[in-house]
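Visitor: Protein chains in written order, with numbering that gives the first Met the number 0: chain A, 0 to 80; chain B, 0 to 742; chain C, 0 to 228.
Read the hints as simulated data drawn from the structure, not as lab findings. Keep in mind that this is a model prediction, so the values were computed, not measured. By construction, the Cβ of each residue, glycine as well, lies at the ideal position given by its N, Cα and C atoms. Don't take each hint at face value.
What the hints assert, rightly or not - SDA-like cross-link-like pairs, simulated, lysine to any residue; straight-line CA separation at most 25 Å:
#1 B/Lys58 <-> B/Glu509
#2 A/Lys39 <-> C/Ser149
#3 C/Lys34 <-> B/Lys58
#4 A/Lys25 <-> A/Glu78
#5 A/Lys3 <-> C/Gly53
As the list claims (entries may be wrong) - Far from chain C, some chain A residues (derived; all Cβ distances over 10 Å):
#6 Gly11
#7 Leu13
#8 Gln16
#9 Lys25
#10 Glu44
#11 Leu65
#12 Arg74
#13 Phe75
#14 Glu78
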Amino acid sequence: MRVKVYITPRRGVLDPQGRAIEASLKSLGFNDVGPVRMGKYIELEVAAASPAQASAEVRRMCEQLLANTVIEDYRFEVEDA
Amino acid sequence: MSHNPVALPGEPEVNLAQALAHGLSEDEFRLIRNHLGRTPTFTELGVFSVMWSEHCSYKSSRRHLARLPNKGRLVVGGPGENAGALDVGDGWLAVFKIESHNHPSFVEPYQGAATGVGGILRDIFAMGARPVASLNSLKFGSFDNARTRYLLSGVVGGIGGYGNCVGVPTVGGEVMFDAAYDDNILVNAFCLGLARKGELQSARAQGMGNPVLYVGSATGRDGIHGASLLASAEFDASSAHKRPTVQVGDPFTEKLLIEACLEAIKTGAVVALQDMGAAGLTSSSAEMAARGKLGIEINLDQVPLREPNLTPYEMLLSESQERMLIVAQAGREHELQAVFEKWDLHAVVIGRITGDCRWRVSWRGLLVADIPVAALAEQAPAYERPMARAAACTPPVRVVRERPAPAEALRRLLDSPNVGSKRWVYRQYDSIVQSNTVMEPGGDAAVLRIKGTRRALALAVDSNPRACALDPYLGAMAVTLEAARNVACVGARPIGITDCLNYGNPERPEIMWQFARGVDGIRDAALALETPVVSGNVSFYNETQGRAIPPTPTLAMVGMLADLDYCRSQFFRRPGDAILLLRTSAPALAASEYDALFGGGNRLGAIDLHKERELIDLLVTLAEKGLINSAHDVSDGGLAVALAECCFNEAGKFGASVEVGTPELDTVVNLFGEGASSVILSTPSDAAARVVQMATGRGLGCRRIGTVTSDPVLRIDSDIAIEVAELRTIYEQALPGRIQGHG
Amino acid sequence: MKWGVVSFPGSLDDRDTLYALRDVLEQDAELLWHKERDLKNADCVVLPGGFSYGDYLRCGAMARFSPIMESVVSFARRGGLVLGICNGFQILCEARLLPGALTRNRSLSFICERVTVRVENTHTPFTRAAAPHELLRLPIKHGEGLYVASEDELRRIEDRGQVLVRYVDSSGRATEAANPNGSMHSIAGVANESFNVFGLMPHPEHAVEPMLGGEGGLKIFRSIIQSFA
């Protein structure tokens with residue numbers, strides 16, 4: 000099963016990259032841009048019997064390695080191909 | 000297996016049109032058929048096109064480069080190896096080389112610069128030397144060009160991103176901005192490594208039957224025709240579409256490769272080692288075989304692949320990074336494989352050395368290439384291209400655009416991105432890892448100690464395209480001398496050179512003339528200084544839509560300090576010290592930063608090589624005798640700027656009060672002229688007379704011009720009196736102000 | 000006493016740390032290989048600077064799972080002294096041996112320069128040789144050294160005196176201008192609750208000789224040596 004994992008800085012955690020992107024967008028004239036957050040996107044394949052099992056597995060991956068939950072939030076989508 | 004290589008299904012037919020599309024000429028295609036006695040296969044055509052490219056074959060430059068002196072008392076290691084080595088004493092050898100990565104960096108600045116650093120590192124550790132320092136020389140367009148900021152950030156980010164991650168300190172370099180580089184930036188990367196005497200690793204294949212090992216990253220499609228084609232043709236509007244051919248660097252793997260290769264060499268089982276650089280597997284295998292006058296057989300089925308279904312053509316031409324080729328002692332390949340396994344790297348046997356001088360490649364049971372090794376190496380074409388004196392070299396009409404008051408001119412010069420501090424750049428580089436950096440970036444030269452000894456090495460990289468544009472011979476000579484002066488200012492004796500020769504299209508006679516004159520200028524200066532040129536690189540085709548860059552030979556000089564105590568910085572150290580000005584000849588506004596800003600430049604002054612050598616000798620002697628407290632080369636911006644720079648020490652506590660005016664010289668030329676070899680010294684007051692006497696005894700102009708003051712103000716004649724803090728702020732803000740000022 | 004310096008793939012300052020300990024401080028020190036579990040009877044384990052495993056996911060995220068780290072974690076839990084420098088600090092935070100985390104510098108670029116830090120708590124094995132509020136000149140060289148922690152966490156570590164070094168200006172004041180990377184509370188280094196694990200972004204091993212950037216780093220190493228005297 001294909002899994003898409005999205006990792007973003009936690010609310011309230013300083014995100015200097017996001018802030019720089021926001022400033023650049025505004026300097027290009029995109030004045031309506033609100034707060035920008037920049038994160039990571041990870042794609043992976045996992046062999047699992049069911050989407051539920053895959054989800055449980057991916058959750059453990061995120062908690063242990065893919066995200067640092069001190070500063071990052073994660074969410075993911077499991078695509079049942 | 001048939002006797003001749005076979006065409007593979009789906010491959011284009013090989014004919015003259017196909018050869019021309021590969022950048023080969025009609026004559027060259029005929030020559031290939033003569034070498035083979037048949038028409039090459041498509042795979043073979045690709046192989047010839049990269050091996051006979053300007054980048055790999057040096058076909059336009061080989062005959063000229065032969066004029067450079069490459070021998071000397073300290074030189075170790077035969078010619079034809081990847082880089083020269085110098086004996087620096089106490090059982091140590093210094094191995095160094097400079098190389099260009101101009102075109103890839105213009106197309107994709109971050110990866111282009113990063114992989115440039117990676118490539119030069121591999122050339123050094125392939126020789127068994129641990130890379131201990133990097134420098135670079137960068138040329139960008141003007142800040143009026145919107146793309147300059149993007150290219151600058153990308154290149155600096157790439158150099159830092161790679162260098163910082165492999166643990167080799169970037170200890171110095173130079174950065175210049177000029178509209179002449181708007182459409183063709185230069186990125187020249189230098190690396191120095193240290194090896195134990197007697198432990199240099201060869202790149203010459205030996206021993207019939209010895210296995211050939213592929214180590215490092217897997218092969219992908221990146222960089223096919225990258226370095227070779229990009230660096231062997233002019234730029235045009237389609238260059239942007241060549242982006243996919245730019246390689247991507249992986250500094251983490253490079254770090255593992257450095258450690259693994261150095262450990263593998265220690266086993267004694269490595270016969271030959273070479274980087275798979277430009278033209279990848281093809282050039283590394285052909286060059287190693289050629290050096291040993293042997294043949295090589297490669298089985299592509301064993302090559303580790305990053306993606307499936309690569310054709311032999313792609314595998315042979317791929318420029319995937321972080322790969323090396325090893326010839327091992329037969330029967331000891333497992334020892335080597337164990338070392339690479341420890342570092343989690345691929346190490347597979349892909350072929351063996353043969354005695355028949357053929358370069359033979361098989362894939363899936365088929366013979367896909369069978370070429371005489373010599374045809375790919377020493378028998379590649381070498382041209383004596385026509386030359387014609389360039390019209391642009393006649394001195395320009397002297398045009399004065401502006402004549403600001405001296406104090407104002409000094410402020411504006413310090414605010415020029417070419418004169419102002421490059422801290423914004425070098426603070427992005429780890430300059431201290433490995434714990435050897437005695438003098439950090441920002442001075443005349445970097446100084447590295449050699450642990451376990453009292454010795455140190457000084458490194459400087461220089462260029463002067465404006466002078467080279469006015470006179471390619473005198474300009475190249477001046478660059479060589481400046482590099483020598485820079486290392487001598489920190490107390491080191493110049494001992495060796497590596498050069499990166501950046502020029503336009505060599506098929507144009509005036510460019511070829513610039514190149515030949517440049518080589519002559521370097522040769523004459525190197526002979527006068529007795530500093531051999533131990534390695535180097537030529538980068539041609541630096542032009543876009545017919546507009547060439549100014550001739551830009553970049554010189555890196557290595558100097559030796561027999562004792563670290565001889566090391567001196569540019570900064571004034573004690574109030575009350577005498578300030579002395581050493582000069583070999585009168586300065587001129589030609590090719591100066593002042594001329595670039597305000598006009599007025601004319602023709603370059605003559606160079607007296609005898610005096611230049613005396614000056615270098617004197618500087619080293621003064622440092623060794625401990626007679627001076629500081630020395631600073633007068634460079635971009637001239638005397639007034641150099642005096643200000645001498646006051647910019649960390650604490651910023653000192654000033655200077657000097658009288659420099661002389662009846663023979665116009666004030667502007669005196670204060671802001673460049674070209675002459677000039678050095679500012681500070682000495683204890685009671686030593687000043689002796690230093691002046693030593694200099695005049697060598698026929699050098701030297702006089703006391705003033706005193707270091709505890710009052711932090713720079714006073715020059717009645718023309719300038721400015722607080723050092725104000726000057727320093729201008730100097731420090733010149734670059735960040737321009738980078739941030741425009742988002 | 001005995002020192003162990005861990006070499007991860009991508010560690011860069013491991014040799015420099017070894018050089019500072021052996022050649023400058025004349026200590027008994029050796030490298031510990033990441034694939035092994037044996038700490039070789041080290042009394043203090045140093046996790047050095049560098050880019051372990053390329054730092055491709057997050058700085059320190061992968062090193063934390065190497066075999067040697069299992070031993071380091073249990074050693075720390077038993078009260079053993081662990082010093083993390085730069086990447087080592089990042090690894091200790093990822094391994095949750097230290098509070099908080101380190102993210103991209105405020106400027107978004109790598110910074111290599113000398114900074115001044117103020118020693119905030121001298122009652123620890125890592126700082127006991129320093130005078131209260133002593134200022135140390137140390138180099139930093141990192142792209143991700145911005146220290147972050149939740150407000151609650153910050154309050155707790157400040158109250159307990161876990162902030163051992165803070166970025167300050169030359170007169171000892173913690174100003175925004177003197178904060179090189181934007182760290183919260185100008186934090187340059189923190190200890191755990193029991194003060195046997197300490198991580199800092201500046202590099203004490205690169206400040207042990209007058210000729211190469213001064214001797215500010217000796218205070219940290221000498222404190223640890225004193226703890227075993």
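Visitor: Hint by hint, say whether it matches the structure.
Guide: Cross-check of the supplied hints:
Simply put, B/Lys58 and B/Glu509 have alpha-carbon atoms about 17 Å apart, close enough for the 25 Å limit, and the pair holds. Distance check on the hinted pair: A/Lys39 and C/Ser149 sit about 21 Å apart at the alpha-carbon level, within 25 Å; holds. A hinted pair counts as satisfied when its Cα atoms are at most 25 Å apart, and C/Lys34 with B/Lys58 does not qualify at roughly 49 Å. Between A/Lys25 and A/Glu78 the alpha-carbon distance is near 36 Å, which puts this suggested pair outside the 25 Å criterion.
A C-alpha spacing of about 23 Å is found between A/Lys3 and C/Gly53, which places the hinted pair at or below 25 Å, so the restraint holds. At roughly 8 Å from the closest C-beta of chain C, the C-beta of A/Gly11 falls inside 10 Å, breaking its exclusion from the interface. Separation of A/Leu13 from chain C is inadequate, the least Cβ-Cβ distance of about 6 Å not exceeding the 10 Å criterion. A beta-carbon of chain C comes within 10 Å of the beta-carbon of A/Gln16; the shortest separation is about 6 Å.
Remark: the non-interface label on A/Lys25 is consistent with the geometry, its nearest Cβ contact in chain C lying 17 Å away (cut-off 10 Å). The non-interface label for A/Glu44 is consistent with chain C: the shortest C-beta to C-beta separation is roughly 17 Å, beyond 10 Å. Consistency note on A/Leu65: stated as away from chain C, yet its beta-carbon is not over 10 Å from all of that chain's, at 7 Å minimum. Consistency note on A/Arg74: stated as away from chain C, and its beta-carbon is indeed over 10 Å from all of that chain's, at 17 Å minimum.
With 10 Å as the threshold on Cβ separation, the claim that A/Phe75 sits away from chain C holds: the shortest Cβ distance comes to roughly 15 Å. The claim that A/Glu78 is not at the interface with chain C holds, since no C-beta of that chain comes within 10 Å of its own (minimum 22 Å).
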